[in-house]
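Number of protein chains: 2
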Amino acid sequence: MIVGIVKEPEEESRVAMLPEAVKTLKSWNVEVMVETGAGKKAFADDALYQESGAEIVDRSTLLQKVDIVCGIQALSIAEIRSMGPKSVLMGQFNALYNPELTHFLIHESRTAFSMELVPRTTRAQSMDVLSSMATVVGYKAVLMAANLLPRFFPMFMTAAGTITPSRVLILGAGVAGLQAIATAKRLGATVFAFDVRQAAKEEVMSLGAKFVEVEGATDDKSAGGYAVEQNEDFIHRQKEAIHEQATKADVVITTAQIPGKKAPLLIEERTVLAMKPGAVVIDLAASSGGNCALTQADQTVSINGVSIVGVGNLAAQLPQDASKMYGKNYLNFLKLIIKEGQMNLNFEDDIVSGTCVCHEGKPVNSRITQMINN
Amino acid sequence: MIVGIVKEPEEESRVAMLPEAVKTLKSWNVEVMVETGAGKKAFADDALYQESGAEIVDRSTLLQKVDIVCGIQALSIAEIRSMGPKSVLMGQFNALYNPELTHFLIHESRTAFSMELVPRTTRAQSMDVLSSMATVVGYKAVLMAANLLPRFFPMFMTAAGTITPSRVLILGAGVAGLQAIATAKRLGATVFAFDVRQAAKEEVMSLGAKFVEVEGATDDKSAGGYAVEQNEDFIHRQKEAIHEQATKADVVITTAQIPGKKAPLLIEERTVLAMKPGAVVIDLAASSGGNCALTQADQTVSINGVSIVGVGNLAAQLPQDASKMYGKNYLNFLKLIIKEGQMNLNFEDDIVSGTCVCHEGKPVNSRITQMINN
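So the protein lines, in turn, are chains A and B. Per full-length UniProt numbering, residue 1 is the first one in the first sequence, and the count goes up by one each step. Per full-length UniProt numbering, residue 1 is the first one in the second sequence, and the count goes up by one each step.
One or more of the hints may lead you astray.
For chains that are exact copies, the list does not tell them apart, and a pair is met inside one copy or across any two.
[What the hints assert, rightly or not] Result set (DMTMM-like, lysine to aspartate or glutamate): computed pairs, CA atoms no more than 20 Å apart in a straight line:
1) K276 - E51
2) K185 - D45
3) K276 - D46
4) K248 - E20
5) K185 - E340
6) K276 - E244
7) K65 - E55
8) K276 - D45
9) K65 - E360
10) K185 - D350
11) K7 - E360
12) K248 - D45
13) K248 - E269
14) K362 - E116
15) K276 - E20
16) K339 - D350
17) K26 - D67
18) K40 - E11
Hints are computed from structural coordinates only; laboratory data are not their basis.
Required output: the full structure, derived from the provided sequences and hints.
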């Protein structure tokens, strides 16, 4: 069988698998085709893929010939139609919130897997692209903030006096938030963090950050580690607490997203106007509406000396290691569906069925079925 | 008496003193005039200066009325002519290597002090702008590199495998180099450093970096902590050692400058061509010719996937804390020449005479005299 690695669209710098992943696939007796220039922006040129045993081909050849098309961003509908009839499509299509594509895949009797559907179980951790990309995003958000801030992150004791450390506020202590905390601490900042999930408190504190307490949050352990929507009274008190903390902060990094919903508004306009001149807000929820009232997606705006960065695809800004991690996640998943060099789709396996959008046009997992019936 | 703080030229974001320094001057019974908008790019607006007790005035009023003009970048010749006849000019004019300006100041019978002339003695440490700005530059160079690098700086052990730490090579372990080492270590990189001064070895190692040894360097302790020019045989072996280290590195930060001379060439073209795709070179000597053969001043070029950043005035990219440190250095110096609210120029003080370009048109220190006689 043949696995194919497609080139991503113009605005994406990552690639689904680097040459090192090709070597692993070859060791499984799997052939690999790579689209010309697929790894260029991740600093892996065609020659490196060839040295690892891949064949470099053009896009239409790849789509027609391979058994599994591996990518990150979704292909166009015309391109999916041009794929071999039995071949499998893989990527990160946001399948539950992209009904047009999901319905199309079902209608065309396709078999497709979408990596964001990987169950959040211990066994599936090594395939969890949401976690690995959130690690990249949290790290990169802090570097971006430190680079924009007109002040130092660390404390300095110099012959000419003391520079106090910067104060960083992280809203949301999921994987991205925790990585942001760890990176800001590394750089010497004083870090405060807030999360509606009480479970986050211990993790925040173990990284050396201070947890901002707001009593009475709704906590739903069945939400798979995600935060859930909160009642009005809590939201009011939360806003006051965040307002108070944000106006003392040099950097605010917001990471609060609710899958398939508009991001919660955490930083109001009045808060930005009361912040320190020179302060920086990095809004990682910009693509789903933003956690800050003044965020503009994919833009940096400056209001009263406060920079607000509406971050888009931040993982693409660390393309080499992001692709390395993505490829590892991919290989760990492919290991489940390739046996002795042949495709082996075992839907008894909860990871295989959980990640599947549809198999020969039929949904095999309850989340997709539910979405279709709505 | 009145101290004046001028607005810097367009390309400069720092200001000589922030509002907090104005408060100190006021406590010495000194009046302060600040040029409209002087602190804007350092996030200190006119209102803040006013609250601290300064009067906001236009540029020509300031130049005519104040007793000491405090700035960073040099003023134009016409502006110096417009200053009150007895007033003192202060800034960072690179006086020893700017003969045109120095001769003009002497010719016009001016009194001027240039902060880069502050002697490198223990007592003068608190006024040493070269050291404080080098601290800013070393920190900022690492942030810039980490932001450009397509890889993580720190090591990560994740469910999907291990990310190895980035390898950073620092050439020159002066103040900027040492701060770069410390910052890269904070961010979790593996750091190697090289310096021709054997004295640097211990400092490098105490920061947790590895010292790259090349035997037989010329070391001149009378050079005030600066490196001196090296013989041909040493330069050849040094280039080989640097070539070998640089081709293994993810980031190279070069800081080697010799005052008044062209910067030594440390990274040859063949070295860049042999570096890893995605690697980053930050050349802090770009304004004096560059330590890398392919550096272009004030530009970032990409050769075979290697980014080479020809850094200009990097201290200006951390304007708030850089101005804070600059202002502290300024205050510590002004304390020597202001007594009970009055100007008090005591040239018996080695710091006062050492920092003086000329007093009423006469050079008072041997470095300036020597330069004029050449």
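- Query: So which hints don't hold here, by number, going up?
  - Reply: Hints 2, 5, 10 and 11 are the ones this structure does not satisfy, whereas the remaining hints hold.
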